[in-house]
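Chemist: Dock chain B with the ligands against chain A, hints included.
Residue numbers (my numbering), protein chains in the order written: chain A, 1 to 379; chain B, 1001 to 1247.
Since the hints were derived computationally from the structure, they do not count as laboratory data. Keep in mind that a hint or two might mislead.
Claimed, not checked - Far from chain B, some chain A residues (derived; all Cβ distances over 12 Å):
{"hint": "1", "residue": "112"}
{"hint": "2", "residue": "116"}
{"hint": "3", "residue": "129"}
{"hint": "4", "residue": "132"}
{"hint": "5", "residue": "160"}
{"hint": "6", "residue": "203"}
{"hint": "7", "residue": "265"}
{"hint": "8", "residue": "350"}
Unchecked claim - Below 27 Å or equal to it, Euclidean Cα-Cα: the simulated DSS-like pairs (lysine-lysine) are:
{"hint": "9", "chain 1": "B", "residue 1": "1159", "chain 2": "B", "residue 2": "1111"}
{"hint": "10", "chain 1": "A", "residue 1": "288", "chain 2": "B", "residue 2": "1082"}
{"hint": "11", "chain 1": "B", "residue 1": "1137", "chain 2": "B", "residue 2": "1111"}
{"hint": "12", "chain 1": "B", "residue 1": "1075", "chain 2": "B", "residue 2": "1159"}
{"hint": "13", "chain 1": "B", "residue 1": "1031", "chain 2": "B", "residue 2": "1111"}
{"hint": "14", "chain 1": "B", "residue 1": "1159", "chain 2": "B", "residue 2": "1031"}
{"hint": "15", "chain 1": "B", "residue 1": "1082", "chain 2": "B", "residue 2": "1115"}
{"hint": "16", "chain 1": "A", "residue 1": "288", "chain 2": "B", "residue 2": "1075"}
{"hint": "17", "chain 1": "B", "residue 1": "1159", "chain 2": "A", "residue 2": "288"}
{"hint": "18", "chain 1": "A", "residue 1": "332", "chain 2": "A", "residue 2": "314"}
{"hint": "19", "chain 1": "B", "residue 1": "1137", "chain 2": "A", "residue 2": "288"}
{"hint": "20", "chain 1": "A", "residue 1": "288", "chain 2": "B", "residue 2": "1111"}
{"hint": "21", "chain 1": "A", "residue 1": "288", "chain 2": "B", "residue 2": "1115"}
{"hint": "22", "chain 1": "B", "residue 1": "1075", "chain 2": "B", "residue 2": "1137"}
{"hint": "23", "chain 1": "B", "residue 1": "1115", "chain 2": "B", "residue 2": "1159"}
{"hint": "24", "chain 1": "A", "residue 1": "332", "chain 2": "A", "residue 2": "243"}
{"hint": "25", "chain 1": "B", "residue 1": "1111", "chain 2": "B", "residue 2": "1082"}
As the list claims (entries may be wrong) - Partial pick of chain A residues on the chain B-facing surface, computed with a CB cut under 10 Å:
{"hint": "26", "residue": "137"}
{"hint": "27", "residue": "139"}
{"hint": "28", "residue": "273"}
{"hint": "29", "residue": "276"}
{"hint": "30", "residue": "278"}
Ideal Cβ placement from N, Cα and C applies to all residues, glycine included.
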Amino acid sequence: MIDRQPHDHSATGVAAADVEEPSAVSLQPPGPPRLLGWARENLFGSVPNTVMTLLALALLWEVVPPFLSWALVHAQWGGDGAACRQAEGACWALVGERHRLMLFGVYPYDQHWRPLLATAILVTLLATSAVRAFWRPWLLWAWLAGFAVIALLMWGGVLGMPYVETDMWGGLPLTLALAVLGIALAFPLSIVLALGRRSELPVIRAFSVAYIELVRGIPLVSVLFMASVMFPLFLPEGVTIDKLLRALVGMVLFTAAYLAEAVRGGLQAVPRGQEEAADALGLSYWRKMRLIVLPQALRLVIPPIVNQFISCFKDTSLVTIVGLYDLLAATKAALADPEWRPFFVEGYVAAALVYWSFCFFMSRYSQWLEHQLATGQKR
Amino acid sequence: MAEAPVVELIDVQKWYGAFHVLKDLSLSVGKGEKVVVCGPSGSGKSTMIRCINRLEVHQAGRIVVGGVELGDDVKAIETIRKDVGMVFQSFNLFPHLTVLENLTLAPLWVKHVPKAEAEELAMHYLERVHIPEQANKYPGQLSGGQQQRVAIARSLCMKPSIMLFDEPTSALDPEMVKEVLDVMIGLAEDGMTMICVTHEMGFARAVADTMVFMDEGRIVETAPPTQFFADPRNERTRQFLGQIIGH
Ligand SMILES: Nc1ncnc2c1ncn2[C@@H]1O[C@H](COP(=O)(O)OP(=O)(O)OP(=O)(O)O)[C@@H](O)[C@H]1O
Ligand SMILES: [Mg+2]
Chain A
1 MIDRQPHDHS
11 ATGVAAADVE
21 EPSAVSLQPP
31 GPPRLLGWAR
41 ENLFGSVPNT
51 VMTLLALALL
61 WEVVPPFLSW
71 ALVHAQWGGD
81 GAACRQAEGA
91 CWALVGERHR
101 LMLFGVYPYD
111 QHWRPLLATA
121 ILVTLLATSA
131 VRAFWRPWLL
141 WAWLAGFAVI
151 ALLMWGGVLG
161 MPYVETDMWG
171 GLPLTLALAV
181 LGIALAFPLS
191 IVLALGRRSE
201 LPVIRAFSVA
211 YIELVRGIPL
221 VSVLFMASVM
231 FPLFLPEGVT
241 IDKLLRALVG
251 MVLFTAAYLA
261 EAVRGGLQAV
271 PRGQEEAADA
281 LGLSYWRKMR
291 LIVLPQALRL
301 VIPPIVNQFI
311 SCFKDTSLVT
321 IVGLYDLLAA
331 TKAALADPEW
341 RPFFVEGYVA
351 AALVYWSFCF
361 FMSRYSQWLE
371 HQLATGQKR
Chain B
1001 MAEAPVVELI
1011 DVQKWYGAFH
1021 VLKDLSLSVG
1031 KGEKVVVCGP
1041 SGSGKSTMIR
1051 CINRLEVHQA
1061 GRIVVGGVEL
1071 GDDVKAIETI
1081 RKDVGMVFQS
1091 FNLFPHLTVL
1101 ENLTLAPLWV
1111 KHVPKAEAEE
1121 LAMHYLERVH
1131 IPEQANKYPG
1141 QLSGGQQQRV
1151 AIARSLCMKP
1161 SIMLFDEPTS
1171 ALDPEMVKEV
1181 LDVMIGLAED
1191 GMTMICVTHE
1201 MGFARAVADT
1211 MVFMDEGRIV
1221 ETAPPTQFFA
1231 DPRNERTRQF
1241 LGQIIGH
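Chain A with its partners taken away, still in its complex shape (with noise of 0.2 Å):
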């Protein structure tokens, strides 16, 4: 076999092709060594990639061992302050003692199952409402309802739960009802804005710009300062607005001001025809927003509305500014005792994952909904 004749050789080399060459093909593209191959054209296909390669790997390799090992693996998970003291890791002993003050804030520590079973109300309307089979008016319904309901609880006085004024209102509840309240009322308003800004009555145009470019002008803070300080100035001697009515009232007008621009620009991008196809059917004006403007408007800009809607929902930390005790600031008092003082890291890093939960919710929400939206109808 060792000396073969250069003439045999070459033919069982043809032979050998002829019969390899097929299968050599096809084993090619599933080829093994996938993560492999990605790696190498995407993390080290150049020069300067392989830099940020390697940079982005030291980073890593000094942030998060380090942090694996303060958050879990020397975590103090139980205990009082003084166990946490000896830990080195994190003290999550706290969230598990003062959760009930993060989530409740001043509401009268007996009665937390009031607030408990308004959040837990309040959460499943929204799970509800996310289904867009759903969508049908008993859904409104359920929401007047849902909120009689909840507000009966937080406010008591009746059936043998005590009264419980809205300044000792706070956490998690206060947090979600101001959120979804707020966004509720700002998105309709928003709408109303956004149409009068593109109105074509001179009076109805002027009153909308002026609103909107007034309060884009000016900080939260300042809109909720004013409406909690300015506002009961304005009102007939002897009569008080609630202030956590005044702090929503402020949200309300800030978030539509935004919005109304978001939805702005959705109605500068549904063509003109639409307008006049429905006129030339003879449509009223509301009609022909309400069924065909407002529904191309809107789901071409649920992208920047969520954003908005996200930014509401964090923003309701700021009604600390008027004395309302929100579900960050319920997290601070809760810190407040000094057996937990030190380890208001961790007291942060629970609230903060709290607000995100709901966030990521919102934005996730946001892109399923807007893949459902354009099913059926790509141009």
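Modeler: Leaving out everything else, chain B with the ligands in the frame of chain A:
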């Protein structure tokens, strides 16, 4: 025409800023009459036809449709729009609604027809334009010719007595023009009053009672098609016909 005209324009004037688009337009369209409007680009054909259902506002002169004069009165405008259908060059179907929903929308919300009845009506007109099988698709899933036929059916669902067409076939690929023109010819045969801006001269010859030629915002010539094509009076008309029939 012994009967009162259903559409009448008397000395209509319109300006866009300082630009005089429509100059002394006078036109009278009788019941069942088919008017085909042609003329060079920018001559004001679209503007005129859009004044008839007040998508554009005229500044002087009178426009009377079905005995109702167009003015600032919103009720009068709504009355006229219910009775005047319009088909656009770019179809303008509602992309977020299915074909069926496009058709039932105006009967449901403008005329308050019960839903079942509106759907029956919609299917009837979809059959007339030969695409009942597309009822549950979205406009974006149809060809241009199909979309334009849906647009025609959408107007017909309001049972208008007058139909306006603004270059209904000029956004279509050549092979789809015929299917739309066939539907329009069918409508004409049923006695619909039609005002149609188009350069489809074959269609004009077959259907028109009156040809109108516009140039630079004026109606330059109004004539029955036989005379219009064989012996146009106006020099501009002659040039224009020479251009579009010439090739
Ligand atoms: N909104 C507007 N503002 C200012 N000028 C306009 C406006 N709409 C149309 N015009 C002008 O008015 C003139 C008539 O336009 P119109 O659309 O009626 O012409 P047309 O005869 O339909 O032309 P085409 O055959 O190209 O459709 C054109 O010169 C056009 O530039
Ligand atoms: Mg035109």
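Chemist: The structure should be examined with respect to each hint, and the outcome stated for every one.
Modeler: Taking the hints in turn, this is what the structure says about them:
For residue 112 of chain A, the requirement that its beta carbon stay farther than 12 Å from each beta carbon of chain B is met, with the minimum near 46 Å. At roughly 41 Å from the closest C-beta of chain B, the C-beta of residue 116 of chain A stays outside 12 Å, upholding its exclusion from the interface. With a minimum CB-CB distance of about 21 Å to chain B, residue 129 of chain A clears the 12 Å threshold, and the non-interface call stands. Here residue 132 of chain A stays apart from chain B, with its beta-carbon at least about 15 Å from theirs, past the 12 Å limit.
The non-interface label for residue 160 of chain A is consistent with chain B: the shortest C-beta to C-beta separation is roughly 49 Å, beyond 12 Å. Distance check on residue 203 of chain A: its Cβ is at least 17 Å (rounded) from any Cβ of chain B, clearing the 12 Å threshold; non-interface status holds. Taking the minimum C-beta to C-beta distance to chain B, about 17 Å, the non-interface status of residue 265 of chain A holds against the 12 Å cut. No Cβ of chain B comes within 12 Å of the Cβ of residue 350 of chain A; the nearest lies about 43 Å off, and the non-interface call holds.
A distance of roughly 11 Å separates the Cα atoms of residue 1159 of chain B and residue 1111 of chain B; the hinted pair therefore holds under the 27 Å criterion. For the given pair, residue 288 of chain A sits about 14 Å from residue 1082 of chain B by alpha-carbon distance, which is consistent with the 27 Å threshold. Of the pairs offered as hints, the one joining residue 1137 of chain B and residue 1111 of chain B holds, with about 24 Å between alpha carbons and a cut-off of 27 Å not exceeded. For the proposed pair residue 1075 of chain B and residue 1159 of chain B, the alpha carbon gap of about 19 Å is at most 27 Å, so the pair holds.
Proximity of residue 1031 of chain B to residue 1111 of chain B is assessed by CA-CA distance (about 23 Å); at most 27 Å being required, the pair is judged to hold. Between residue 1159 of chain B and residue 1031 of chain B, the direct Cα distance comes to roughly 15 Å. Compliance with the 27 Å bound is thereby established for this hinted pair. As the CA atoms of residue 1082 of chain B and residue 1115 of chain B are separated by approximately 18 Å, the hinted pair is consistent with the 27 Å bound. Restraint check: the Cα-Cα separation between residue 288 of chain A and residue 1075 of chain B comes to about 16 Å, which is no more than 27 Å; the hinted pair holds.
Between the alpha carbons of residue 1159 of chain B and residue 288 of chain A the distance comes to roughly 20 Å, so the proposed pair stays at or under 27 Å and holds. Under the criterion of a C-alpha separation no larger than 27 Å, the hint pairing residue 332 of chain A with residue 314 of chain A is consistent with the structure, at around 16 Å. With a C-alpha separation of about 22 Å, the suggested pair residue 1137 of chain B and residue 288 of chain A falls inside the 27 Å cut-off, and the hint holds. Straight-line distance between C-alpha atoms of residue 288 of chain A and residue 1111 of chain B comes to about 14 Å, which keeps the hinted pair within the 27 Å bound.
Restraint check for residue 288 of chain A and residue 1115 of chain B: the C-alpha separation of about 19 Å stays at or below 27 Å, so the hint holds. Our distance criterion of 27 Å between C-alpha atoms is broken by residue 1075 of chain B and residue 1137 of chain B, whose separation comes to about 34 Å. The straight-line distance between the Cα atoms of residue 1115 of chain B and residue 1159 of chain B is roughly 16 Å, inside the 27 Å bound, and the hint therefore holds. Restraint check for residue 332 of chain A and residue 243 of chain A: the C-alpha separation of about 20 Å stays at or below 27 Å, so the hint holds.
At roughly 8 Å between alpha-carbon atoms, residue 1111 of chain B and residue 1082 of chain B fall within 27 Å of each other, so this suggested pair holds. Checking residue 137 of chain A against chain B: minimum C-beta separation of about 16 Å lies over 10 Å; hint violated. Taking 10 Å as the C-beta contact cut-off toward chain B, the hint placing residue 139 of chain A at the interface is violated, the least distance being around 21 Å. A least Cβ separation of about 4 Å between residue 273 of chain A and chain B falls short of the 10 Å threshold, and the interface hint therefore holds.
The interface hint given for residue 276 of chain A holds, since its Cβ lies 5 Å from the closest Cβ of chain B, which is under the 10 Å cut-off. About 8 Å separates the beta-carbon of residue 278 of chain A from the nearest beta-carbon of chain B, less than 10 Å, and the hint is met.
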